[in-house]
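Asker: Each chain is listed here by its residues.
2 protein chains.
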Amino acid sequence: MSSSISGKITQMLLDMLEQDGTTEIRRNDLAQSLGCVPSQINYVISSRFTPERGYIVESRRGGGGYVKITRVSLDFPTAIMHAVNSVGPSIDPLTARSCIMNLLAGDIIDRDAASLIAAALDENALRPIPYEYRDTARASILKQMLLAYSNNRKG
Amino acid sequence: MSSSISGKITQMLLDMLEQDGTTEIRRNDLAQSLGCVPSQINYVISSRFTPERGYIVESRRGGGGYVKITRVSLDFPTAIMHAVNSVGPSIDPLTARSCIMNLLAGDIIDRDAASLIAAALDENALRPIPYEYRDTARASILKQMLLAYSNNRKG
DNA sequence: TAAACTCAAAAGTCAGGGAAAGTCAAACGA
DNA sequence: TCGTTTGACTTTCCCTGACTTTTGAGTTTA
Chain A
81 MSSSISGKIT
91 QMLLDMLEQD
101 GTTEIRRNDL
111 AQSLGCVPSQ
121 INYVISSRFT
131 PERGYIVESR
141 RGGGGYVKIT
151 RVSLDFPTAI
161 MHAVNSVGPS
171 IDPLTARSCI
181 MNLLAGDIID
191 RDAASLIAAA
201 LDENALRPIP
211 YEYRDTARAS
221 ILKQMLLAYS
231 NNRKG
Chain B
81 MSSSISGKIT
91 QMLLDMLEQD
101 GTTEIRRNDL
111 AQSLGCVPSQ
121 INYVISSRFT
131 PERGYIVESR
141 RGGGGYVKIT
151 RVSLDFPTAI
161 MHAVNSVGPS
171 IDPLTARSCI
181 MNLLAGDIID
191 RDAASLIAAA
201 LDENALRPIP
211 YEYRDTARAS
221 ILKQMLLAYS
231 NNRKG
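Residue numbers (the working numbering), protein chains in the order written: chain A, 81 to 235; chain B, 81 to 235.
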């Protein structure tokens with residue numbers, strides 16, 4: 081994973097977010113220090129730090145430009161509902177995975193639950209399903225599990 | 081057995097797993113070093129490193145891709161593994177439910193896990209899947225989840 | 001002096017090429 | 001026969017660079 085440059089960038093951003101859930105970078109400087117082209121930073125951000133995965137990204141061009149990433153953290157019911165609502169009718173494996181990881185990082189779900197949910201949503205588990213139905217099945221299963229988890233916390 | 085190329089691949093993977101129960105390979109490199117086509121690695125993995133035998137397989141395509149195999153820890157797994165093996169390639173909702181209940185009653189899994197697994201296997205969750213594939217999907221998901229649970233119970 | 005006009009410095013967009021694993025069905029062999 | 005072997009084709013993900021857009025600052029102009 082972190083053998084790829086994108087993996088390194090991701091890890092670096094996650095490390096920076098670890099502090100207080102927010103980080104501000106200069107795109108060109110970061111690219112320079114990592115030995116990649118600037119646009120790869122955009123690739124990483126747009127593929128991994130999406131709203132759907134629990135991040136908001138702000139930026140500004142021109143002189144003194146910046147890119148700012150913030151991890152949204154919510155209380156339990158809100159976070160679960162937000163996750164359920166943001167999933168939509170279909171979700172791909174990677175997005176599902178980081179959705180789970182984000183809930184885990186925000187202490188919304190515990191490690192055991194994260195592991196179980198991840199297993200249920202993994203491509204391997206869903207392999208018997210024809211390709212065209214997999215992502216919709218994944219979304220449905222994810223929502224059901226999150227709701228079940230939510231119900232369990234109350235009762 | 082090990083006169084066949086598949087046998088050699090199997091042995092090699094087992095050796096690599098010997099260390100700490102997990103190994104990460106580059107499919108093309110391994111195929112290269114063993115003098116076989118890459119897709120034969122898939123054949124070996126899908127025929128020998130199955131959930132029934134206690135293995136979890138993860139992978140990723142594209143640049144920096146990998147295949148990771150994890151042997152589930154055999155701490156007190158016999159009950160779990162027995163359940164995995166008794167499921168078969170397909171399972172209906174009622175049988176799945178009683179399987180979960182049995183594991184719960186026998187203190188093999190805890191209440192939270194039972195609830196999550198039940199949610200994932202519920203007809204509602206699997207509704208987007210065409211009827212003919214639902215039971216096989218359910219079986220696959222169940223096995224993957226049990227394996228993940230078992231794997232987590234080691235720490 | 002204030003509005004308008006450069007200009008360079010940032011970030012964004014996009015399409016294409018490449019790398020790696022997955023799929024599948026046909027051929028093969030003990 | 002049934003498990004093995006193969007390779008053509010697909011899918012996913014990564015990386016790059018050329019081009020565009022936005023912004024702030026400094027400069028010019030009425």
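None of these hints come from the bench; they were simulated from the model.
Some clues are possibly wrong.
Pairs count within a copy or across copies, as identical chains cannot be separated in the list.
[As the list claims (entries may be wrong)] Computed cross-link-like contacts, SDA-like style, restricted to lysine to any residue with a CA-CA straight-line distance of at most 25 Å:
#1 Lys223 x Asn165
#2 Lys148 x Leu110
#3 Lys223 x Arg177
#4 Lys223 x Ser83
#5 Lys148 x Asn232
#6 Lys88 x Gly168
#7 Lys88 x Glu98
#8 Lys88 x Thr216
#9 Lys148 x Arg207
#10 Lys88 x Ser170
#11 Lys223 x Gly115
#12 Lys148 x Ala198
#13 Lys223 x Thr158
#14 Lys88 x Thr158
#15 Lys148 x Pro169
#16 Lys223 x Ser84
#17 Lys223 x Gln112
#18 Lys223 x Asn108
#19 Lys88 x Glu212
#20 Lys88 x Pro210
#21 Lys148 x Asp192
Predicted, not measured: the structure shown is a model, and the values here were computed from it.
Asker: Please sort Lys88 with Glu98 into within, between, both or neither, judging by C-alpha distance up to 25 Å.
Answerer: Cα proximity of Lys88 and Glu98: one copy only (15 Å, versus 29 Å across).
Asker: My question is about Lys88 and Glu212: at a cut-off of 25 Å on alpha-carbon distance, are they close within one copy, between copies, both, or neither?
Answerer: Answer is neither: 32 Å inside a copy and 36 Å across each miss the 25 Å cutoff.
Asker: Have a look at Lys88 and Thr158 and pick one of within, between, both or neither, based on CA distance no larger than 25 Å.
Answerer: neither (28 Å within a copy, 39 Å between copies)
Asker: Between the shortest in-copy and the shortest cross-copy C-alpha distance, which are at most 25 Å for Lys88 and Pro210: within, between, both, or neither?
Answerer: neither (34 Å within a copy, 32 Å between copies)
Asker: How do Lys223 and Gly115 come out at 25 Å by Cα distance, when the copy is not named: within, between, both, or neither?
Answerer: For Lys223 and Gly115, neither the intra-copy (33 Å) nor the inter-copy (43 Å) Cα distance is at most 25 Å.
Asker: Cα distance capped at 25 Å. Does Lys88 pair with Gly168 within a copy, between copies, both, or neither?
Answerer: Neither: 28 Å inside a copy, 41 Å across copies.
Asker: If the cut is 25 Å between Cα atoms, do Lys148 and Asn232 qualify within a copy, between copies, both or neither?
Answerer: For Lys148 and Asn232, the Cα distance is within 25 Å only inside one copy (17 Å; across copies 33 Å).
Asker: Checking an output row: Lys88 and Thr216, CA cutoff 25 Å. Within, between, both or neither?
Answerer: Neither: 31 Å inside a copy, 38 Å across copies.
Asker: Can you give me the call for Lys223 and Arg177, within, between, both or neither, at a CA distance of at most 25 Å?
Answerer: both (13 Å within a copy, 19 Å between copies)
Asker: Checking Lys223 and Thr158: alpha-carbon separation at most 25 Å within a copy, between copies, both or neither?
Answerer: For Lys223 and Thr158, the Cα distance is within 25 Å only inside one copy (14 Å; across copies 31 Å).
Asker: Please sort Lys148 with Leu110 into within, between, both or neither, judging by C-alpha distance up to 25 Å.
Answerer: within (13 Å within a copy, 30 Å between copies)
Asker: I want to check one pair: Lys223 and Asn108. Are their C-alpha atoms no more than 25 Å apart within a copy, between two copies, both, or neither?
Answerer: neither (28 Å within a copy, 37 Å between copies)
When each numbered hint is compared with the structure, violations occur for hints 4, 6, 8, 10, 11, 14, 16, 17, 18, 19, 20.
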